[in-house]
Amino acid sequence: MDPMTVDLAATPVRDLNQALHAPEPEQRWRVRNPRGAHAIACGLTRPLSVEIDGHVGYYCAGMNQHAAVTVNGNAGVGVAENMMSGTVRIRGNTSQSAGATAHGGLLVIEGDAAARCGISMKGVDIVVGGDVGHMSAFMGQAGRLVVCGDAGDALGDSLYEARLYVKGAVKSLGADCVEKPMRDEHLTELAGLLKAAEFDEDPAAFRRYGSARRLYHFKIDNAY
Amino acid sequence: MCGIVGLHLREPTLHPRLGELLAAMLGQLAERGPDSAGVAVYGDPVLTPPGRSTVSLLHVSDTTPLSEHLPDVKTIPLGQTTLVHAPVTTDTLLTAVTATLPGATVIGSGTGVAVMKGTGHPADLTRSLGLAGMTGWQGVGHTRMATESAVTPEGAHPFSVGPDQCLVHNGSFANHATIRRELRADGVVFDSENDSEVGARFVTHQLARGADLEKALRLLCERFDGFYTLLVSTADSFAVVRDAIACKPALIAETPQWVAMASEYRALAVLPGVDAARIFEPEPEEVYVWTR
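Those protein sequence lines, which keep their order, are chains D and E.
Residue numbering for the first sequence is 1 to 224, as defined by full-length UniProt numbering.
Residue numbering for the second sequence is 1 to 292, as defined by full-length UniProt numbering.
Hint data in this document are derived by calculation from the structure and do not stem from the laboratory.
Even for Gly, the Cβ is constructed at its ideal location relative to N, Cα and C.
Please note that the accuracy of each hint is not assured.
Output of the computed footprint for chain E on chain D, the stretches with three or more beta carbons under 8 Å from beta carbons of chain E [to be verified]:
1. 25-37
2. 74-88
One side only, chain D facing chain E, incomplete, derived with CB under 7 Å [stated by the list, open to error]:
3. Thr5
4. Ala9
5. Gly57
6. Ala68
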């Protein structure tokens, strides 16, 4: 059956989102002409498939639960922010704060992600085909961030427990973020994430970074 | 918040559409700054005729004293802004304006740029200016959500404080009071307490001291604290720079026909050929300059 097609050149985003939130929505959706509109396909709670042709604005697929949202284009600030489950795939690049505070699910960015990718991530898996900008995984608490390209300044600054895998160069590590050895369980975990993201990369080419856990406790030496 | 748009047209056949495209871009970002707005248009032969200098003014009701002082002055009232142009040098026209229109605030001057701004919704401003009918090779615009100083026409952007130079800013400078004090000690005169004006005065000051646009913006990065995405334009250039944290949004799109910058993609989506454009976010503290 053909997907339900919505043309945002003719239909307001609110109408689209209300249709996606209906008690028994269609299972497959195709969205045309997003033209950078904000909050497309936000707050979905059912295992729908939504494919968007074009560039989206802020907060696309935010708070996603169970749905599979694909953007055939770039995404603006905060794509898949606070996602709980499901899959969000961006075929192009994303702006800052992709996957911010997300608790679960898989966010795949085939291009580059800008600054603060995975900021305060709380359990989401994020796999980026290209580079990530500065302060990615800032204050990350749980989940995995995989970067097939390079990472910008201050990767993993003030990290709690998220695990970071980077294939390319890391411009600098943030406070309390350190390189850690790649053990077998990490290679296995990374291979699974790359497979889920459908990226043909060799896990052995990556390095692992994580928290040194030196910021967990108050240090009297730091007091004034 | 605030919204920035800018369009640098490489393709001359698009020059007649500059105002229409700029108005459409600005309209997309009205929600980012609904309290006031402004635009600068480069190369409109009606607003800035060749062989004449143009000064953009606020708080002018009658330009008769100027016309009596200088021959062949033309006045163009555009909403809250008034443009005057005359076949004299920019300095001569500015001196005459200061002498004859003491209540006026100069918001732009030069031989190639018209600066127009005012309070109220951006859509009202573009309508009252007839922006869609304007032409030229380059334009910048701003929608303002005021944080650092009052909502007044002179607090709206662009800030144009040097010949044919404009600066639009999204963000807030933290140390503007210190830098204003330093610039005042160097003899620079300010119109307002606005933080963005300090950025514009700083750039103009550096350009006047011989720096090129790229160097002036590098010096700005070294000296200013705070948040900023800046779009700076001159008689021949178009430049973008962001602070080290880069939390204020910016997108650049480039095609063989044009270079455009906007706070959000939806403002770029109105441009012809955007589907084939190279679209990227400017890197923090990297200066991007395009020259005509």
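Here is what the structure says about each hint:
no., hint, result
1, 25-37, "holds (count 3)"
2, 74-88, "holds (count 3)"
3, Thr5, "19 Å, violated"
4, Ala9, "10 Å, violated"
5, Gly57, "6 Å, holds"
6, Ala68, "23 Å, violated"
Violated hints for the displayed structure, listed by number in ascending order: 3, 4 and 6.
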